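Q: Heads up: the sequence lines are chains A and B, in that order.
Numbering (my numbering) for the first sequence: 1 to 313.
Numbering (my numbering) for the second sequence: 1 to 313.
There may be inaccurate statements among the hints.
No copy labels: a pair is met if it fits in one copy or bridges any two.
Said to hold, decoys possible - The calculated lysine-lysine pairs, modelled on DSSO-like cross-linking and capped at a C-alpha distance of 27 Å, are:
#1 K259 with K300
#2 K179 with K156
#3 K176 with K262
#4 K179 with K237
Simulated from the structure, these hints should not be mistaken for lab results.
Because the structure is a prediction, the values reported are computed rather than measured.
2 protein chains.
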Amino acid sequence: LNPEIYILGSSSATPTRERHPSSQILKIGSEKIMIDCGEGTQSQLIKYGLRHTGIDYICISHLHGDHYFGLIGLISTMSLMGRKETLHIIGPPQLKHILDLQIMHGGMTLKFEIRFYPTNPARQEFILRNQSFELTSFPLKHRIHCTGFLVRESKKERHLNMEVMQALEIPVSYFKAIKKGENYTLPDGEEVPNERMTTDPEPCRSYAYCSDTIFDPEIVEYVQGVNILYHESTYMKNNEERASLYFHSTAEQAATIAKMAKAGHLLIGHFSSRYDHLAPLLEEAREVFPNTDLAEEGEKFVMSTASQVLVHS
Amino acid sequence: LNPEIYILGSSSATPTRERHPSSQILKIGSEKIMIDCGEGTQSQLIKYGLRHTGIDYICISHLHGDHYFGLIGLISTMSLMGRKETLHIIGPPQLKHILDLQIMHGGMTLKFEIRFYPTNPARQEFILRNQSFELTSFPLKHRIHCTGFLVRESKKERHLNMEVMQALEIPVSYFKAIKKGENYTLPDGEEVPNERMTTDPEPCRSYAYCSDTIFDPEIVEYVQGVNILYHESTYMKNNEERASLYFHSTAEQAATIAKMAKAGHLLIGHFSSRYDHLAPLLEEAREVFPNTDLAEEGEKFVMSTASQVLVHS
């Protein structure tokens, strides 16, 4: 199963007639991760036929409203719909205070646990790992505490070479251990090295999310070689000074980070409401990094097995 | 100028594909009042071509999310758009703590003042008065601190009888005082009573907003004789027990309050997501109170000068 990215919002700062504030869903393994959750995200889920059930992880990059004002509404709906499963929320520590206050004063009695993971704006940090993915946060330079997120598929099982397994008459009960990389000892005491019985699994694919941030080459080390890089692109090059002033990036700068990081694919989003048409932003980015797409509402990007080949619909 | 009511949301609890959580705009005199502000209200304003500039008053009935989760996003947008005018917010005292926390942790530096008026869930209270309207809150019985709002046009100036004014040669500089009801003393010392010089102004029209509440005849005294009564109607009669259990009302109960209060017109809203079609709710209410309409998204209701005649578009 290939990881998929669904774009729910592409606007910066305020919603516009056509665009919604930031939110994405990453389906990876058996999990769904929401990344950022601007106002109206739950309505965007309905619009695109995506369910909130099964979203067990929500990552919030920072506490500007266009990245989190929809979270409490989504939690409220999950509660009203009878959710029981633990919800893991990853974000700045102050987010927990805000949610707690809203839950308390709204008289909400949640029937599910919220497990909160505070992010650290000072350095890269491992957040959590499960059967489907590993999640890391890393610092972004914005006006307030802000982090990006790196999601990498969990280590996969090695593929058994069935011909070898049969020739050596290895019992099925050992397959699981061998898939994990263990050797096998034959009845006569001879040890069979794992490499003789297995082949490499598909590489672990990875997705990095960088919003919001000033142009910052220090990001490169955190997102080196990712299959897909999402990088904000609030402005175009002719607004580079403005971008700097507000700690945002231009399309060209996003593409420069993608190029430096040798990313497979670049998605740009978080567009200023001044841009009615986004084609010029895409062109600007593609001049530096050709394999770029617009992360617009309703778009779905599939990370195919061939690590850097992408289809979007 | 007739007061107008614009409906931005009609759903209870959660947004649906077709309906949005509670919010209304009341244009009265030279003012615009927003009443409740569910998630996505700012997008609804954009959709219906209404501006947030000029909204100087926002009333929040209670802290269930479908009535206020859109407020912080609207404040954020007002700030980003350079608002300077004082914003008057009327609502439960805890609302101020929530907004303060979100403003602080989001690093928002507002260039306008927020003047906060805490509501009292225990009794009817005068909130504020200006040239356009007088605002009162009154208790509603819901699961948490909740109030309704009564908005009444401010006392209007009396109409001058220009024939009398000319016959008595009253100088223009006295007109203002006479319009306010004062008498006039002629040069010979004779006092002219105000009633001889003026006729009554149009009656002051009034709008009452009741959401959310269990069926509660005590409401009647607060909304007696209003021109338009908005009353929640989450359920139909066959869900009366459920309505009671969750401190909500049925269409029939809303109509009963309107009838008891001798309201001119009833608007019902805050519909449960279980109702795909709203005609049955309207029918149920009209059986008790014929002059009822559905307060659906995009509807506009005009309070005409003939106090109880309404046009809606």
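Q: So, for every hint listed, does it hold in this structure?
A: Against the structure, the hints:
no.	hint	in the structure
1	K259 with K300	within (22 Å within a copy, 53 Å between copies)
2	K179 with K156	within (9 Å within a copy, 85 Å between copies)
3	K176 with K262	neither (35 Å within a copy, 77 Å between copies)
4	K179 with K237	neither (50 Å within a copy, 62 Å between copies)
Checked against the numbered hints listed earlier, the structure breaks hints 3, 4; every other hint is satisfied.
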